[in-house]
Amino acid sequence: MIKVRELARLVGGKIEGDAEREVRSVASLESATPDDLAFVSAKNALERVVSSRAGCILIPEGTFLPGHTVIAVAHPKLAFIKAAKAILPALPPLAGIHPTALISSEARLAPGVSVGPYAVVERGASIGEGTELAAGVFIGEEVQIGERCVLYPHVAVYRGARLGNHVVLHAGVVIGSDGFGYVLAEGRQHKFPQLGGVIIEDDVEIGSNTTVDRGSLGVTTIGAGSKIDNLVQIAHNVHIGRHSIIAAQTGISGGTEIGDYVVIGGQAGIGEHARIESRVLVGGQAGILPGKVIREGSIVWGTPARPFAEFRKLYAHLSGLPELARQVKKLSKKKSKGQYP
Amino acid sequence: MIKVRELARLVGGKIEGDAEREVRSVASLESATPDDLAFVSAKNALERVVSSRAGCILIPEGTFLPGHTVIAVAHPKLAFIKAAKAILPALPPLAGIHPTALISSEARLAPGVSVGPYAVVERGASIGEGTELAAGVFIGEEVQIGERCVLYPHVAVYRGARLGNHVVLHAGVVIGSDGFGYVLAEGRQHKFPQLGGVIIEDDVEIGSNTTVDRGSLGVTTIGAGSKIDNLVQIAHNVHIGRHSIIAAQTGISGGTEIGDYVVIGGQAGIGEHARIESRVLVGGQAGILPGKVIREGSIVWGTPARPFAEFRKLYAHLSGLPELARQVKKLSKKKSKGQYP
Amino acid sequence: MIKVRELARLVGGKIEGDAEREVRSVASLESATPDDLAFVSAKNALERVVSSRAGCILIPEGTFLPGHTVIAVAHPKLAFIKAAKAILPALPPLAGIHPTALISSEARLAPGVSVGPYAVVERGASIGEGTELAAGVFIGEEVQIGERCVLYPHVAVYRGARLGNHVVLHAGVVIGSDGFGYVLAEGRQHKFPQLGGVIIEDDVEIGSNTTVDRGSLGVTTIGAGSKIDNLVQIAHNVHIGRHSIIAAQTGISGGTEIGDYVVIGGQAGIGEHARIESRVLVGGQAGILPGKVIREGSIVWGTPARPFAEFRKLYAHLSGLPELARQVKKLSKKKSKGQYP
Chain A
1 MIKVRELARL
11 VGGKIEGDAE
21 REVRSVASLE
31 SATPDDLAFV
41 SAKNALERVV
51 SSRAGCILIP
61 EGTFLPGHTV
71 IAVAHPKLAF
81 IKAAKAILPA
91 LPPLAGIHPT
101 ALISSEARLA
111 PGVSVGPYAV
121 VERGASIGEG
131 TELAAGVFIG
141 EEVQIGERCV
151 LYPHVAVYRG
161 ARLGNHVVLH
171 AGVVIGSDGF
181 GYVLAEGRQH
191 KFPQLGGVII
201 EDDVEIGSNT
211 TVDRGSLGVT
221 TIGAGSKIDN
231 LVQIAHNVHI
241 GRHSIIAAQT
251 GISGGTEIGD
261 YVVIGGQAGI
271 GEHARIESRV
281 LVGGQAGILP
291 GKVIREGSIV
301 WGTPARPFAE
311 FRKLYAHLSG
321 LPELARQVKK
331 LSKKKSKGQY
341 P
Chain B
1 MIKVRELARL
11 VGGKIEGDAE
21 REVRSVASLE
31 SATPDDLAFV
41 SAKNALERVV
51 SSRAGCILIP
61 EGTFLPGHTV
71 IAVAHPKLAF
81 IKAAKAILPA
91 LPPLAGIHPT
101 ALISSEARLA
111 PGVSVGPYAV
121 VERGASIGEG
131 TELAAGVFIG
141 EEVQIGERCV
151 LYPHVAVYRG
161 ARLGNHVVLH
171 AGVVIGSDGF
181 GYVLAEGRQH
191 KFPQLGGVII
201 EDDVEIGSNT
211 TVDRGSLGVT
221 TIGAGSKIDN
231 LVQIAHNVHI
241 GRHSIIAAQT
251 GISGGTEIGD
261 YVVIGGQAGI
271 GEHARIESRV
281 LVGGQAGILP
291 GKVIREGSIV
301 WGTPARPFAE
311 FRKLYAHLSG
321 LPELARQVKK
331 LSKKKSKGQY
341 P
Chain C
1 MIKVRELARL
11 VGGKIEGDAE
21 REVRSVASLE
31 SATPDDLAFV
41 SAKNALERVV
51 SSRAGCILIP
61 EGTFLPGHTV
71 IAVAHPKLAF
81 IKAAKAILPA
91 LPPLAGIHPT
101 ALISSEARLA
111 PGVSVGPYAV
121 VERGASIGEG
131 TELAAGVFIG
141 EEVQIGERCV
151 LYPHVAVYRG
161 ARLGNHVVLH
171 AGVVIGSDGF
181 GYVLAEGRQH
191 KFPQLGGVII
201 EDDVEIGSNT
211 TVDRGSLGVT
221 TIGAGSKIDN
231 LVQIAHNVHI
241 GRHSIIAAQT
251 GISGGTEIGD
261 YVVIGGQAGI
271 GEHARIESRV
281 LVGGQAGILP
291 GKVIREGSIV
301 WGTPARPFAE
311 FRKLYAHLSG
321 LPELARQVKK
331 LSKKKSKGQY
341 P
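Residue numbers (my numbering), protein chains in the order written: chain A, 1 to 341; chain B, 1 to 341; chain C, 1 to 341.
What the hints contain is simulated information worked out from the structure, not anything from laboratory work. Just so you know, not all the hints are guaranteed correct.
Put simply, identical chains are the same to the list, so a pair is met inside one copy or across any two.
As the list claims (entries may be wrong) - Here are the computed lysine-lysine pairs in the DSSO-like style, where the Cα-Cα straight-line distance is at most 30 angstroms:
#: 1; residue 1: Lys14; residue 2: Lys3
#: 2; residue 1: Lys292; residue 2: Lys313
#: 3; residue 1: Lys313; residue 2: Lys329
#: 4; residue 1: Lys14; residue 2: Lys77
#: 5; residue 1: Lys3; residue 2: Lys333
#: 6; residue 1: Lys14; residue 2: Lys329
Treat the numbers as computed from the prediction; the structure is a model and nothing was measured.
If we strip away everything but chain A, and leave its shape as in the complex, we get (with noise of 0.2 angstroms):
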């Protein structure tokens, strides 16, 4: 239960209606009892906003709502992402270590760390202060963990993998599986040394189900901050800079860098050792060759990718085709005309 006033502190915003209310939750518009906080973003209609029912709701600067508790933010979104920290109960107390967890006797546990059914935790391991491993999570030998780290249900991290601190993988994730490497000689497919590292920064989060191989000879690295989605593949040597977002089902293929505050499109694919430099946008199922390099701040879409502008530009062309070709057979009939008449 939170007030009002202390929300419009909290996020430096200004109020108009009543400051003594209290939320006690947060909430959509549509789904805002009078005991939640709700938010206004540029994408909600006038008609939903002004039938909304919550209690109080964080409106951009310079728009007004008569008839409801509001607190005017610069930034709605943001301010509600902040608010919804102090209004929301903090998560339960560590579970502390399961009695069916197997932890060896080699590995180093810092104090507070929780530890769930069936878990396993190889000899080397060590885990930081205020780390969750849940229920079936495997922690190979000589995999350092930081502290505040969630590994939800079924995460497997290879051998010597290092994760910073607030990492958190949801179900499912493999860390540091081989990378795929192969030479063809001699009528088979000879596999390459897959010896290296991962680390993996800060702040990190995983959606479900992704991978994140090894390096073969170096390192795979994930940067601090950066935030990777479900079932997306990162292959070895790659190297993912800070505060980058790759959404779902993204491929990365093998030695290819990324910068920071890179954004990628869900099912885009990457080839071998490209770099895509910081701030650039690829869009969804973008394909960019191995070995391109996307210069810093460019956006680019399409198989193989190109500047937006220029994809828009043929893309609007492809689509004028058939007219194009109805104008190119009706110039050959009247020059036909012309020449034999």
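Given the coordinates of chain A, assemble chains B and C onto it according to the supplied hints.
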């Protein structure tokens, strides 16, 4: 063991041949023995049909197959499915609760529930009659599961998700992981609250390693009778209607709505807040842009997706592009000749 | 620890430099210390090679690297793979059967099998000599696994699947889940029987979270020596030949046949009942239509896939489309002028 006479009654078909013959199992035309029932599909070459050793063959009404015991029906494949249910042995009796299954004393299990080794059922969960949880399944707090469901090994259902009756989840499926929503501000990604639920209605089947995220504030829903293949991504707040079919590796972005009887091919990608109305057919690898509406009953193809007829025409024009360019070159030359003689 | 002299003999190469030098491990040119063996690939810039601190470098025949101890061989990368096998320590001795592993009294385990904690082996299963099942692996009834296989954590093998020798399945792989086949009738989806098997031959390696469905009536097969990357979908009744390579997130639909020595790039999609003959190369993100035949040795690209040369030409024409449209516009104007002067 069942007689041809009984099968014919069951599927509403007409026998030619030996009505007293008995079959014990089902098989394809090629591998069938005299103990097996087989069926003819439109794709089967006549030669394969004639040489089949099957004890009984389901054939389309109006066709003939002298020398074989056959049952003529309107829809042989459907009849085969129904007959197979009668012929094949019922599932083995449920194994009961394995002594290593960890079931919270605050969970509610109906009679006849089977829980495999090393499965975990947390407090507040409820499991309906005849439901089977295989080895290593994880059921979070407050999860509700209906009757006669099957959850294969290593399925993880996060807290609060709700499953109807006869739901089948194949190995490695993750239900209820956090949606993927961030706001970039102050130099880092702020995670949007992911508090919503997941509702999976009756008779839904979901393939291996598919992921279904919870709603952010609202709910993610999958309607009764819909079937989802392996490695599919269903994002937060997606709503899928009834009896729809979604093939492998398709990704559906946040807030998108899919109607009833929709069919989506493999590796299709659907952007955020799109609406795919009922009975739409989306081609494999198609890409549907965010916010796009695909009208009821239409067939779309390509990226960005277009009506199939248009796609086909464009594609033919695309193939003709080199010839078109040649013609234009020729026209330009003639023109030039005409102008500067 | 191994002498350069011995390595040269092993890989059939010619030494320049100190044949008595010893190496202990392998590394990339950049990270190598004087204790390491490295190799030069075609991609390595000369500067990187010259400045390497590696104790010994495998170089291509006919090249020179004064000041370094080198071994000249026909294929340095292949030689490196072979040398690494000799240099790197053998795998640790198998751990034996963990006391928490649940092995049916009706399963058959050869001597020297290792079964990790919380793994489950059901009745009728047989596991060959030297095979290792990691933590949490699930082996269903009647599954057959050959010798010296490695199944990483949380692999699930459904009942009846058969694996050869030296098969490697990475974490989260699912073998033998039901194929995806439904018939829409009477307003709902009827599931086709999924009774078939899966056969995985010797020396197959399959990446994390990949899914392989059982045959519906027939069998799904993966031929000896084929290598499959992470998050790949192999549908029911697919047949893959020998020594083929399938990169991450590719999907192969039901009933499709893939030959020997085929290479398929990442995120390719192959429709039902297609046939990809031996030594075909399928580009990343390519889409192959159902029923399509790709002839032996061809290279295909794009969606729908075309021969690479044709794709490249088309793609160039596509890029020229705005210019072509401009030309046609110009021609149309001139024409008009000529006609109505």
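Each hint tested on the structure:
1. Lys14 / Lys3: This pair counts as within: shortest intra-copy Cα distance 14 angstroms, inter-copy 75 angstroms.
2. Lys292 / Lys313: This pair counts as both: shortest intra-copy Cα distance 22 angstroms, inter-copy 20 angstroms.
3. Lys313 / Lys329: This pair counts as both: shortest intra-copy Cα distance 23 angstroms, inter-copy 16 angstroms.
4. Lys14 / Lys77: within (15 angstroms within a copy, 65 angstroms between copies)
5. Lys3 / Lys333: Neither. Shortest intra-copy (78 angstroms) and inter-copy (71 angstroms) distances fail the 30 angstroms Cα cut-off.
6. Lys14 / Lys329: Neither: 66 angstroms inside a copy, 58 angstroms across copies.
In summary, the numbered hints that this structure violates are 5 and 6.
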